[in-house]
Amino acid sequence: MKVIVLIKQVPETTEVRINPETNTLVREGVKGIINPFDTYALEEGVRIKERLGGTVVVVSMGPPQAREALQDAIALGADEAVLLSDRAFAGADTLATSRALAAAVRKLEPYDLIICGKQAIDGDTAQVGPEVAELLDIPHVTYVRRIRELEPGRVVVERMVEGAVETVEMSLPGLITVVKDINQPRIPSLKGIMKARRAAIPVWTPADVGISEELVGLRGSPTVVEKVFVPQVERRGEILEGSPREVAEALLSRLEALGVR
Amino acid sequence: MAEGLGEFIRVLAERCTGCEACVGVCPAGAIEMREGVASIGDACNLCRACVSVCPAEAIEVAAAARAEAAEGQGVWVFVEHRRGQVAPVVYELLGQARRLADVLGTKVSAVLAGEGVAALAGAVAGPVGGGAAGPLGAELIARGADEVLVLDDPALGDLREEPVAAALADLVRERKPEIFLFGATALGRSLAPRLAARLGTGLTADCTGLEVDPERRVLVQTRPAFGGNLMAVVVCPGHRPQMATARPRVFRSLAPDPSRRGEVVVWPVDGSRLVSRTRLLDYVEEVTETVKLEDADVIVAGGRGLGGPEHFSLLFELARLLGGAVGASRAAVDAGWIPYYHQVGQTGKTVAPKVYIAVGISGAIQHLAGMSSSDVIVAINKNPQAPIFKVANYGIVGDLFEVVPALIEAIKRRRE
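Those sequence lines, one after another, are chains A and B. The first sequence begins at 1 in our numbering and counts up one residue at a time. The second sequence begins at 262 in our numbering and counts up one residue at a time.
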């Protein structure tokens, strides 16, 4: 079974700072890591390989330093890794990102299953998985918490939806996005780290994957970020003071005035 | 000058004073001075830092020749439902769609797909009033739709993403809406991207603000990013429809107005073209608690200040007395004190109860993102500097282990 895992390198923390003068992100000193949700996708791919045999190929798009995330993925059990990196890919929205990833996946055909994390912690959009599936004309299932059955040409998964769990059958090749509940990712082995150090990670450009520069990066992005700002949430509050019993009474009176009893 | 799809940034040479303020702020290093006038090079990523910093207002964002794709009329809302039971977010979106359509001077269409939905909507083509439409059609019209577009076919039965996206794409190409809104539910977040990729248009996830700029006739979408630490304003200038999702309970629905009039239009579907390679085998509701967090009028939520799992029993007792549910901050969930389905915030649930009582929660921005639209927020925390007090209507600075039992006693006393 050949599994392709799509990963993204993200800042280690979402506690970003913004330069108030320029309205741009302060990126200095922020370490890049594999998007935490993608580590579950990678782990699931590696477990499938261990159970059924085959290979796990990891693909990422990003600046040259995203190579570190791919090395980490090899240390965690991936067999091969490919980095999509080129100036033309920069500034991509989800659609332009999906086009680049889909083009890379086509070059890796044939494959059985593509696995993604449910979303990235920086953008939180959850869009790239389904968009890649559509562009590749394969089916997809989101929010998978368990793979129940997996055999050539067919998978049965449990999918989390609001207040319920769906059991869904999908033909392969197909794409799933996974949630945290699916597994507990391992830590890298020493052997894996050694392997990652030696690993050759090819870097592909738009030309390498046969896609026009018009369709990727900022130029291929239908959406434009007009500005970013730090949210201000503030309301005028009343501080209730007194003994615990006094503040409890004061609060209840106010809540009762609002119809809560 | 850099040109994106539909937009570029330019310097008005006659206004430029040569102060070089823009050169210093450009993160892409794309600006250089030529003969005392700023010049924007190809590295420009349209971030607009220079526009806001320029003291002479000499730098502006200009629209490139309007792409031919930017035509279209009407604001659409996808009607998510389970066997005819409409998801509440649909009514919230209809309220937004109504407001946007009124600014644009256009119509609101509710798009209802499924098997047997024509009968529920009122299958008579042509103008129908609230009385003549089926119950579902009448409700959608009363909540703000001018028109209910019905796609009815067995292939759309379980609202599988592939056939629904294919049918919606055909309808979009035929009718050319300018805006198409989806709920940011499990289905909406799976279906909308599939459709956007099929149409080659932009999609903005989890919008918390939707406005139209009537001059440019674009949808101005505000959404959180980086776990709510940043807000981004996103537009889709050159492609139609402009697609967006919004989380449930972020917007308010309109009160139903039964006097509103509208049409139910059943659209022909070629079911033989609609294939699904996924199949729903089973659907099992997971009952987690007596009052669902999202539906509760009162939520009592606990955070790190509780100090351990055993103290959540205090919150459960308070919630029970108030007829509410128990929520939690990510810190409490990550510590393993309470299961994930109690988590409120950016990576948990978004809630908007009448009363939200935050106990021992400092109020990280990620938490605020999930509860700040509550009607009344009460904060109980021993640290007076905790950011939660900034959003609280009522704050109690004190030891929760004294205040919460006092509250429980006070309620019991009043009931006697």
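No lab work stands behind these hints, which were simulated from the structure alone. Keep in mind that the hints are not guaranteed to be accurate.
[Stated by the list, open to error] Where chain B lies over chain A, by a calculated footprint (3+ residues, C-beta under 8 Å):
1. 158 to 168
2. 196 to 202
3. 216 to 230
A virtual CB, placed ideally from N, CA and C, is assigned to each residue, including glycine.
Each hint, compared with the structure:
Look at the segment 158 to 168 of chain A against chain B: 10 of its residues bring a Cβ nearer than 8 Å to a Cβ of that chain, three or more, so the hint holds. Check on the segment 196 to 202 of chain A: 0 of its residues sit with their Cβ under 8 Å from a Cβ of chain B, so the three-residue criterion for coverage is violated. For the segment 216 to 230 of chain A, the stated coverage by chain B holds: 13 residues have a C-beta nearer than 8 Å to a C-beta of that chain, and at least 3 were required.
Checked against the numbered hints above, the structure violates only hint 2.
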